[in-house]
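Visitor: Chains as they are written, first to last, in this note's numbering: chain A, 1 to 241; chain B, 1001 to 1320.
Hints are not guaranteed to be accurate.
To be verified - Per label pair, the in silico range of CB-to-CB distance: (1) 111(A) with 1149(B): 40 to 46 Å; (2) 10(A) with 1185(B): 19 to 25 Å; (3) 13(A) with 1093(B): 53 to 59 Å; (4) 177(A) with 1116(B): 50 to 56 Å; (5) 1139(B) with 135(A): 51 to 57 Å; (6) 1101(B) with 128(A): 43 to 49 Å; (7) 13(A) with 1123(B): 23 to 29 Å; (8) 125(A) with 1170(B): 25 to 31 Å; (9) 111(A) with 1093(B): 32 to 38 Å; (10) 1025(B) with 112(A): 50 to 56 Å.
Hints in this document: simulated from the structure, not taken from any laboratory. Just so you know, these numbers come straight off a predicted model, no measurement behind them. Glycine residues also receive a C-beta, built at the ideal position from the N, C-alpha and C atoms.
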Amino acid sequence: MALLEVKNLTKSFGGLRAVDNVSFHVEEDEIFGLIGPNGSGKTTIFNCINNYFPVTAGDIVFKGKTIKGLKTYKICRLGIGRTFQVVKPLSRMTVLGNVTASAFCRARTMEEAQGEAYRVLEFCGLVHEKDKLAKSLPLGGRKRLEIARALATKPELLLLDETAAGLNPTELDAAIELMRKIRDKGITILIVEHIMKVIMTISNRVHAINFGQTIAEGTPQKVASNPVVIEAYLGDGYAQG
Amino acid sequence: MKKRNLVFLVGGVVFLLFPLVIHSDYYQHLVIIALMWAVVGSSWNLLAGYTGLVSFGHAIFFGTGAYTAGLFITKVGVSAWWGMMFGGMVSVLIGLIVGLICLRLRGPYFALATLAGGEIFRLAAINWESLTEGMVGILIIQTFQSKVPYYYIALAMTILCVYVIHLLMKAKWGYYFVSIREDQDAAESLGINTTLYKNVSLLTSAFFTGMAGAFYMNYMGFIDPEVVYSLHHISIMAILVGIVGGVATILGPAVGAFVMVGVQEAFRSALFGVGPKWISQAHALVFGLLVIFVIMFLANGIVGDWPKIKRTVLRIKEST
């Protein structure tokens, strides 16, 4: 049984079909990539998975049970964590405070929550910034904080939304390394990206969409050499290979 | 002993002994009113400063608490002091309804909805004469002749309210409230039931504000819709107390209460009888100027920006 199944997912905003009949499944312990050019509907799919937007049609099944229509906080408690493409730090709280707040999802007491928050910050390499206000972190730090917060909720499935966007090459390598560490801890990752380097380096399988519709699925190599995918990213001039 | 604990100890002694040392009815009254505003301001601060839901309608809860106490006399025929317990509870029930309507709104829309709510209650109280006696108001015989018992009741209420808010903010709820304030959507994605916690914040705020309203009924002996459901004198005053004292601090509203009551009285009495007569007309103007000053220079209020105040005072002392 797949950990997450997205079945015939359709999301319309009035007349605009942002996601059109997309289906895929994510197996446990894999890193599954969702790629497509800007505006293709990738983040909308995430927003449907954790019911940030209600689904228009189709179903989302997590660990064999449908989660469509469940409140967002309940979906988090069931084991799906997510980061946001445009990072949402809790600005006027400290870094430690940010992660403690999310650790209360599982922790019973203040000591437990703060302890767990500290451990997660160590894991993500943010411990030395723990008393800084979240708004004082640069973008790379905020993105890592976003991940740390999601990790503190002890997810089985982590949705990473364009974690690599805006990072310089050093930060990018560090981000990829962190993703590997997360996968090695036994957390399944569903990652939305449009930076090829990240997808090619770490994904097990990739699903490509454009204009809300599926255009390819398979190993990174297979998808990257698919002419329809190349056309979507680079225009038909390049599609002939 | 740590400096902070020393301040608390001295402050505690001062407040405990105050009415036994200062016998003047006039000053006792001012401090009692300031304590009541410390409660209303702290309650407002819990919802607005810590949870980010800026209410312009706290008169809803104050007035409801006051009328609950009054109705114990006019309808039930028992002492209005029952209102101290039940005023808070009835305000919570009202808060549930207010929450159902307003908590689905954000930011300025929430503010406007609560403002409208306050006005609705005021108009309802004016017109529902069979329940509230309308503009005739409710007049009761005060239980105590001296102000001293009222002082200690107000003090106890203030200590209870501030302490409960302090405990809430130190624990999980504190983290959750601030998370909701900073980014409600992120909070929801982190497993926080934002609907539940917004309600917890609102209902706690309503409870203590209602209790303060019930106290007002008992202490002043007379209420009417224009007094207790007033936008200017209750809802806006609560906001000013919070802003001037320091939003999102535990003691800010208490400090703000004393400052605002002091300023209000200073101007109403034309600087305690010393200044020219026209100054008593200026108090609304002064409130506005005070708020502008605070927003420009002391955005975190007197308590929140206390380090900044200390530095400025030191700098002034050094240059003279």
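Visitor: Each hint: holds or not?
Guide: Results for each hint:
1. 111(A) with 1149(B): 40 to 46 Å: holds, 43 Å
2. 10(A) with 1185(B): 19 to 25 Å: Taking Cβ atoms as reference, residue 10(A) and residue 1185(B) lie about 23 Å apart, which means the hint holds.
3. 13(A) with 1093(B): 53 to 59 Å: violated, 39 Å
4. 177(A) with 1116(B): 50 to 56 Å: holds, 54 Å
5. 1139(B) with 135(A): 51 to 57 Å: holds, 53 Å
6. 1101(B) with 128(A): 43 to 49 Å: At 46 Å between Cβs, range holds.
7. 13(A) with 1123(B): 23 to 29 Å: Check failed, 40 Å falls outside 23 to 29 Å.
8. 125(A) with 1170(B): 25 to 31 Å: Roughly 29 Å apart at Cβ, these two residues keep to the hinted range, so it holds.
9. 111(A) with 1093(B): 32 to 38 Å: Between residue 111(A) and residue 1093(B), where Cβ atoms are some 36 Å apart, the hint holds.
10. 1025(B) with 112(A): 50 to 56 Å: The hint (50 to 56 Å, Cβ to Cβ) holds, given that residue 1025(B) and residue 112(A) are roughly 53 Å apart.
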